[in-house]
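Could you put together the complete structure from these sequences and hints?
There are 2 protein chains.
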Amino acid sequence: MSPKNIDKLNCSIASALDIIGEGWTILILREAFFGSRRFEDFQKHLGIARNILTVRLNKLCDSGVLVRVPIKVGAKRNEYRLTPMGSDLAVILIGLTQWGDRWLNPTQGAPVTFIERATGKAVADIAIFTRDGKKLKPRELAVKPGPGATAETIARLKLIPDVRRKKKKN
Amino acid sequence: MSPKNIDKLNCSIASALDIIGEGWTILILREAFFGSRRFEDFQKHLGIARNILTVRLNKLCDSGVLVRVPIKVGAKRNEYRLTPMGSDLAVILIGLTQWGDRWLNPTQGAPVTFIERATGKAVADIAIFTRDGKKLKPRELAVKPGPGATAETIARLKLIPDVRRKKKKN
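In order, the protein sequences belong to chains Z and U. If you read the first sequence in our numbering, its first letter stands for residue 1, the second for the next number, and so on. If you read the second sequence in our numbering, its first letter stands for residue 1, the second for the next number, and so on.
Quick caveat, the hints were computed from the structure, so don't treat them as lab data. Incorrect hints may have been included.
No copy labels: a pair is met if it fits in one copy or bridges any two.
Computed list of lysine-lysine pairs in DSS-like fashion (alpha-carbon distance at most 27 Å, straight line) [claimed, not checked]:
id	residue 1	residue 2
1	K44	K144
2	K158	K144
3	K121	K158
4	K121	K135
5	K137	K121
6	K76	K59
7	K44	K158
8	K134	K121
9	K158	K72
10	K121	K144
11	K137	K59
12	K137	K158
Here it is as structure tokens:
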């Protein structure tokens with residue numbers, strides 16, 4: 001199911017998908033953000049088979065997205081909590097929810113709204129900004145090799161048409 | 001592989017994942033954002049099997065994320081272009097890339113940097129903001145039922161511990 005040559009792709013999306021790309025996994029994370037911690041809660045709310053849930057939770061723990069914590073001091077049973085690495089996926093989950101709301105649920109409206117807890121106000125649509133706060137449209141974007149780019153990635157990015165057009169103009 | 005009771009989940013993430021959750025699919029979208037349009041380009045840059053690529057491209061077209069356009073006027077062969085619905089996924093792809101950069105590639109650095117084409121400056125990290133521009137941390141967030149929430153979703157969201165705590169405080 002998932003791409004095998006992930007390292008070769010030299011791509012953080014590919015590495016990220018290797019952890020969270022599988023359908024159930026993001027729904028498990030959604031449940032974690034909704035406050036589920038115990039195996040039974042994930043199982044009940046998602047209606048997921050126990051063996052699949054076990055595999056996914058193990059992978060999320062091995063990857064550092066979730067961490068096992070005893071349900072109380074000295075207890076043998078564990079619950080699953082988001083690590084900072086896991087909490088950092090909130091922006092992806094909200095963005096994906098809003099995209100689904102915009103394009104897949106336009107008539108009945110959003111099933112769930114994300115709000116600021118302190119004020120109860122809905123959060124803004126997740127968007128792309130420059131560092132000085134200007135909102136960017138997808139077509140205003142380009143890519144360039146980062147510090148971790150391999151020679152192959154650098155060669156690949158040179159083939160991008162928009163970058164070529166930009167170079168010709170200058 | 002993917003959850004079967006998607007409608008029952010009343011969740012835009014689940015609906016979104018039904019389209020773009022599969023590992024290869026987001027990498028195909030990445031290629032589309034990099035400027036690939038022709039079947040051969042996707043195939044070459046991703047090293048994906050032709051039969052899998054065909055299935056994924058068909059699904060993305062059926063879903064409205066990509067559209068087939070003749071390679072030139074009157075040509076029988078088509079290329080694949082992002083629709084506005086597809087371009088609207090840029091924020092997800094960038095967010096996912098940045099998350100991978102932060103947590104999975106911390107030492108060698110980002111393989112690819114997203115920049116504003118006009119200025120060449122790197123875009124800011126994708127983040128969660130209130131509508132009046134205040135940046136929010138994941139723990140400052142809560143959820144409430146939206147206009148499209150089913151009775152089941154409303155009942156589910158009532159079970160969220162953070163919301164309960166908030167209610168008690170008020």
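Hints breached by this structure | Failing hints: none at all.
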